[in-house]
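Whenever a hint applies, use it, and build me the whole structure from the sequences.
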Amino acid sequence: MYVNISLDGTAEYTAQYNARGMEGTHTESLVSRLATIRDRLEAGMDRREFLRTLVTGGYALGVAQFLGVDDFLAADDGEVPIVTALVRPDPEDPWSLEERTRTVPATWYASVTKAFELNELLARTAFTGYLGSAVVPGSYERGTASVSVGVSSSFDSIRETFDRLVDGVSLDVETITDIDEIEDGYDGFEPRFVDSVSSAEIPSGVACETPGSIATLGPVMYDPNTRQEFFVTAEHAFGAGADPTTDRLSLPVAGAETVELGSVEYAHPVEDIVAVAPGNRYRPSNTIDTPTPARIRGQFTRLGLADLIARDETLEKVGAVTGHTTGTIQGIDAVTCFTDEFCRRGQIRWGGEMDLTDGDSGSVSYHADPESDDRDVLVAGFNNARTWWPGQSYVWGVGAYRLTDVYGYYF
Amino acid sequence: MASDTTDSSGRADRPTTTIASTAVRLAADLLIVTGWVLLLTLLFLQQPWPQWAFYALLIVGIGLYVTVTATWRSTERSP
Chain A
1 MYVNISLDGT AEYTAQYNAR GMEGTHTESL VSRLATIRDR LEAGMDRREF
51 LRTLVTGGYA LGVAQFLGVD DFLAADDGEV PIVTALVRPD PEDPWSLEER
101 TRTVPATWYA SVTKAFELNE LLARTAFTGY LGSAVVPGSY ERGTASVSVG
151 VSSSFDSIRE TFDRLVDGVS LDVETITDID EIEDGYDGFE PRFVDSVSSA
201 EIPSGVACET PGSIATLGPV MYDPNTRQEF FVTAEHAFGA GADPTTDRLS
251 LPVAGAETVE LGSVEYAHPV EDIVAVAPGN RYRPSNTIDT PTPARIRGQF
301 TRLGLADLIA RDETLEKVGA VTGHTTGTIQ GIDAVTCFTD EFCRRGQIRW
351 GGEMDLTDGD SGSVSYHADP ESDDRDVLVA GFNNARTWWP GQSYVWGVGA
401 YRLTDVYGYY F
Chain B
1 MASDTTDSSG RADRPTTTIA STAVRLAADL LIVTGWVLLL TLLFLQQPWP
51 QWAFYALLIV GIGLYVTVTA TWRSTERSP
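Chains as they are written, first to last, in the UniProt record's numbering: chain A, 1 to 411; chain B, 1 to 79.
Hint data in this document are derived by calculation from the structure and do not stem from the laboratory.
To give an idea of the interface, some chain A residues facing chain B are shown, with a C-beta separation under 10 Å as derived from the structure:
| id | residue |
| --- | --- |
| 1 | Ser-29 |
| 2 | Thr-53 |
| 3 | Val-55 |
| 4 | Ala-60 |
| 5 | Leu-73 |
| 6 | Ala-115 |
| 7 | Leu-118 |
| 8 | Leu-122 |
| 9 | Gly-138 |
| 10 | Gly-143 |
| 11 | Thr-144 |
| 12 | Ala-145 |
| 13 | Val-147 |
Since the model is a prediction, treat every value here as computed from it, not as a measurement. Here a beta-carbon is modelled for each residue, glycine too, at the ideal position from N, C-alpha and C.
What follows is the structure, given as structure tokens:
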């Protein structure tokens, strides 16, 4: 953006504004509008303040164009196709994947993609006091989307300024005062152990054991690059951090000896997952241990999760301690910066604090696949932590789409 | 994104102000305006309001901001 304003002695002015797109027309109308305003305010506003209005106004329009507000403000009424999920057409062939699409209103699509962009911009800027943010798509009828921003409680003054600015209008600026740490202990709860290991395939949703703790075993995770299948669970269950050379994952069996599943192949502390290469005896499975067993056919994309929120659908999970629970999705593409030195990206927030407890980490959240058999489900993401503070209570963990984007893994 | 402003200096009606304080004020203006644009954008994302309302609020907000801060400054100037 380039703004050039020259002012001559008789207070006549010309304004030039060179930028791409439709900024020129906006600026011309702005200039004529401001000229009128200036005539009217001749008595009240001196030339310096007028110049200031012009400069800041031009700058503001530039920022608005930079953020691309017209992308969603001027979106047409048509429909656009989106990819909602990656699904295996042949459930027996893990390396077959196809995209599932759906047509959605263009206004909704424009708002949601813009919200993703703004969320990314906020996370990259990471202004002082920023603790995280999430995208909450609205319904298809409204065609809107919210960005929920968390700010540190020591920045109450910023919040008050915002509140005064938008008096009477609610904006999702959350002040975070209390944070539940991720805890590793499992006292007082009885985790669900697998009944027997007569089958070589171990289902997801049962307890697994790390050298220092207990977590929930996830379903089979595929790495298409090396054509490997992995057991997965939460990285933080390994306490000081999983070590790929020495750490092992084992499986406690009800009324029998604990068996070994395999050794840690990759540890990803930021996404909070470990990929465990299966040993000789046991293999990971794509089934989830529910009363009516669920079979995983694939996973949701980021827009697929947005579609679930727009249609007010819920997510389910099976944890080793709390078992099967269901909850509404509270936000996607979330950034959380309040538990560690770094920020975690691509998180899903759903359910409430009651849906997860110590020992449930490593379980996956999923939703029924509408186009397949009754028992087929698609994975949304991992469940790794819970958070509570006034006005917000949810389970969070990395989205499956994020793992695919960063490492190529999929379910 | 670069913003380049050319201000004619040494005008008769302008009281002597240091370049530094002008620069600080300009920086503060631009920071606050950036916040205002971002706030409006997030607000309009979650509301199905029309495009003209966005630009109207944007300009009116800046006009109000300049007017209000201008009165503060004139009070500062008069001892």
